[in-house]
Amino acid sequence: MSVSLFTVRRFLIIFSIAWVVLMADHAILLWSLDWPVELAVIDSLISNILLLLICLLVMNTVRYYVPEFTQYLNILCMCVVLTILWLLLSKWLLGLALNSYEGYAIFLRRSLMVRSSIAFLILGIVTMIGIIWFNWQDQKRSEERKSDAEKLARDAELFKLRQQLQPHFLFNSLNSINALIGSRPEEARKMVQQLSDFLRGTIKKEETQWVSLQEEIQYLELYLEIEKVRFGNRLTPIVTIDPLSLSRKLPALLLQPLVENAIKFGLYDTIGETVIRISTVAKENELEVIVSNPFDPETSSPRQGTGFGLKSVQRRLYLLFDRNDLVITEAKDNIFTTRVTIPQLSEA
Amino acid sequence: MSKVIIIDDEPLARSIVKEYLQKHPELELITECGDGFEGVKAIQQHQPDLIFLDIQMPKINGFEMLELIEQPPNVIFTTAFDEYAIKAFEAHAIDYLLKPFNQERFDKAVAKWMEQQQNNANTSAKTEELLDTASQSPSQSNRVVVKNGSKIKIIPVHDIFYLEAADDYVKIHTQEGYFLKNKTMSHFEQVLDAQQFVRSHRSYIVNVQQITRIDPYEKDNHVAILRSGLKVPVSRGGYGKLKAVLGL
Numbered sequence: 001m002s003v004s005l006f007t008v009r010r011f012l013i014i015f016s017i018a019w020v021v022l023m024a025d026h027a028i029l030l031w032s033l034d035w036p037v038e039l040a041v042i043d044s045l046i047s048n049i050l051l052l053l054i055c056l057l058v059m060n061t062v063r064y065y066v067p068e069f070t071q072y073l074n075i076l077c078m079c080v081v082l083t084i085l086w087l088l089l090s091k092w093l094l095g096l097a098l099n100s101y102e103g104y105a106i107f108l109r110r111s112l113m114v115r116s117s118i119a120f121l122i123l124g125i126v127t128m129i130g131i132i133w134f135n136w137q138d139q140k141r142s143e144e145r146k147s148d149a150e151k152l153a154r155d156a157e158l159f160k161l162r163q164q165l166q167p168h169f170l171f172n173s174l175n176s177i178n179a180l181i182g183s184r185p186e187e188a189r190k191m192v193q194q195l196s197d198f199l200r201g202t203i204k205k206e207e208t209q210w211v212s213l214q215e216e217i218q219y220l221e222l223y224l225e226i227e228k229v230r231f232g233n234r235l236t237p238i239v240t241i242d243p244l245s246l247s248r249k250l251p252a253l254l255l256q257p258l259v260e261n262a263i264k265f266g267l268y269d270t271i272g273e274t275v276i277r278i279s280t281v282a283k284e285n286e287l288e289v290i291v292s293n294p295f296d297p298e299t300s301s302p303r304q305g306t307g308f309g310l311k312s313v314q315r316r317l318y319l320l321f322d323r324n325d326l327v328i329t330e331a332k333d334n335i336f337t338t339r340v341t342i343p344q345l346s347e348a
Numbered sequence: 001m002s003k004v005i006i007i008d009d010e011p012l013a014r015s016i017v018k019e020y021l022q023k024h025p026e027l028e029l030i031t032e033c034g035d036g037f038e039g040v041k042a043i044q045q046h047q048p049d050l051i052f053l054d055i056q057m058p059k060i061n062g063f064e065m066l067e068l069i070e071q072p073p074n075v076i077f078t079t080a081f082d083e084y085a086i087k088a089f090e091a092h093a094i095d096y097l098l099k100p101f102n103q104e105r106f107d108k109a110v111a112k113w114m115e116q117q118q119n120n121a122n123t124s125a126k127t128e129e130l131l132d133t134a135s136q137s138p139s140q141s142n143r144v145v146v147k148n149g150s151k152i153k154i155i156p157v158h159d160i161f162y163l164e165a166a167d168d169y170v171k172i173h174t175q176e177g178y179f180l181k182n183k184t185m186s187h188f189e190q191v192l193d194a195q196q197f198v199r200s201h202r203s204y205i206v207n208v209q210q211i212t213r214i215d216p217y218e219k220d221n222h223v224a225i226l227r228s229g230l231k232v233p234v235s236r237g238g239y240g241k242l243k244a245v246l247g248l
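Protein chains in written order, with this note's numbering: chain P, 1 to 348; chain R, 1 to 248.
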């Protein structure tokens with residue numbers, strides 16, 4: 001939501017001064033027409049405070065609903081209706097307060113046309129200022145989002161590079177292969193193949209590309225196979241796929257960082273067998289992916305779970321859908337669960 | 001005959017060291033461990049002459065494990081860590097093997113160790129120096145590992161109320177009472193985040209996030225009242241430091 005214009009200090013000052021000038025002007029005008037001072041002041045106060053209230057109402061309305069510049073007619077109608085409303089109200093109030101002065105009732109009736117023109121003008125100006133301000137804010141926000149997106153695309157690029165080369169993962173895998181070559185050469189060969197396919201997958205895919213869940217799961221399986229060889233019996237991934245979800249789409253390379261996060265968090269925070277559960281659910285217009293890992297609440301704050309991997313997933317989804325509620329984490333009963341919702345684009 | 005222990009969480013990484021060890025009949029492999037806890041136990045039980053140690057391991061890492069042992073044995077690191085991290089402790093380690101490594105490189109490390117064994121009877125001082133260097137890396141500072149009897153306790157730093165000097169030890173006060181660690185106050189001053197932990201007094205380091213208020217106390221002195229109701233002395237110099245960190 002946009003920031004109210006009244007939080008801008010300079011505007012608040014100018015706005016207040018303008019209103020004081022308007023009120024003083026109004027009173028001086030009446031006084032120069034030979035009306036008593038108290039009448040002039042009361043008339044000015046009643047009409048202008050009413051007008052101020054209506055202006056504030058308009059400012060607040062455009063904050064939530066910003067009309068386009070092209071909707072001139074709507075804006076015009078709104079101003080006309082509000083001016084008439086103001087006119088009726090101020091006429092009634094002024095009559096109540098000042099009809100005891102001789103000749104005022106006639107003067108009021110005669111001056112209604114002038115009063116309403118000025119009010120209409122002021123209301124129009126205030127409305128325009130409000131619309132311009134909020135339009136500008138919207139534009140600024142979308143520009144910010146755009147430049148954020150561009151920056152993130154660069155970061156993702158870097159992250160991807162790091163992912164590809166991921167020193168730890170790569171060197172440890174090579175070390176495992178080295179060990180297998182001596183004892184079990186067949187398995188070493190298999191692992192070389194898996195590692196190559198995995199790395200190729202990372203290089204080939206574009207971060208912006210959408211792929212089917214089936215494709216993403218195949219890629220994930222490669223990664224899990226390698227990690228299983230590395231960690232032996234300690235790592236037990238359990239993958240449960242809702243068959244309906246296989247054709248659902250998601251941004252490429254989204255799942256692997258999630259699972260990697262869970263494996264790191266799970267394996268390095270607990271001792272013994274680590275069960276990583278990965279499941280997918282096809283919901284109406286949504287794909288849900290749930291990844292869970294064990295953790296030790298005594299030694300780790302749940303904050304640790306939101307590592308770089310999770311954050312990048314969250315940012316990517318935010319940039320794609322402008323929603324912050326797509327990644328939900330929960331720590332309960334020594335299990336850390338990450339729930340990711342991927343809205344399905346209707347045209348896809 | 002020298003006693004050797006391998007500590008690494010990846011079974012294949014242990015098996016490659018085991019394979020390379022076969023060329024060295026003078027080294028006897030006593031046992032192998034999959035994590036730091038097993039490692040501490042095995043080292044205390046067998047008093048090995050040399051250990052091959054991985055750094056990234058479950059629960060406690062290789063450095064933290066070494067900190068828990070009173071007289072650490074000689075260490076050859078086997079790790080996939082990048083060179084930046086390696087450089088920090090390069091000067092003090094017997095050797096480090098960057099995974100993956102071959103038999104030749106392994107033999108070299110063993111030879112280096114043997115040479116040092118002959119030249120210098122007391123090499124364990126080196127391991128302690130190494131630890132001092134290694135534990136200053138920032139990644140180490142978000143928790144403190146202590147030994148509580150036979151149990152190993154991992155204390156996240158935000159759970160620490162304050163630290164108190166006690167002879168050769170430092171008392172780490174937490175919700176569950178205090179734990180002793182054989183380190184100096186200045187060590188903790190260096191390792192812990194200076195924005196969170198302030199040396200309020202010659203013998204005290206306080207966690208500023210635990211402070212609820214600071215009251216004057218006698219002449220020139222103050223006392224910090226913690227959320228738990230505990231009181232920590234604040235000297236004149238310490239008061240200045242606290243004010244700076246709290247932005248007063």
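The reader is advised that the hints may include incorrect statements.
[Stated by the list, open to error] Among chain R residues calculated to face chain P with C-beta under 8 Å, some are:
(1) Ala13
(2) Ser15
(3) Glu19
(4) Glu32
(5) Asp35
(6) Tyr96
(7) Lys99
(8) Ile154
(9) Gly229
(10) Pro233
[What the hints assert, rightly or not] If you anchor each label on the Cβ, the simulated ranges turn out as follows:
(11) Lys23(R) to Glu187(P): 21 to 31 Å
(12) Arg145(P) to Gln209(R): 28 to 38 Å
(13) Asn142(R) to Lys146(P): 45 to 55 Å
(14) Val245(R) to Ser183(P): 52 to 62 Å
If you're looking for bench data, these hints aren't it; they were derived computationally from the structure. Glycine included, every Cβ here is placed at the ideal spot set by N, Cα and C.
Hints, verified against the model:
1. Ala13: With a closest approach of 6 Å, the Ala13(R) hint holds.
2. Ser15: holds, 5 Å
3. Glu19: Nearest chain P Cβ about 5 Å off; hint holds.
4. Glu32: Violated - the Cβ of Glu32(R) stays beyond 8 Å from chain P, reaching only about 13 Å at its closest.
5. Asp35: Holds, about 6 Å.
6. Tyr96: violated, 13 Å
7. Lys99: Result: holds, 4 Å to nearest chain P Cβ.
8. Ile154: holds, 4 Å
9. Gly229: Because about 24 Å separates Gly229(R) from the closest Cβ in chain P, which is outside the 8 Å limit, the hint is violated.
10. Pro233: violated, 29 Å
11. Lys23(R) to Glu187(P): 21 to 31 Å: Taking Cβ atoms as reference, Lys23(R) and Glu187(P) lie about 23 Å apart, which means the hint holds.
12. Arg145(P) to Gln209(R): 28 to 38 Å: With Cβ atoms ~34 Å apart, the hint holds.
13. Asn142(R) to Lys146(P): 45 to 55 Å: violated, 36 Å
14. Val245(R) to Ser183(P): 52 to 62 Å: Holds - the Cβ-Cβ distance for Val245(R) and Ser183(P), about 56 Å, lies within 52 to 62 Å.
In summary, the numbered hints that this structure violates are 4, 6, 9, 10, 13.
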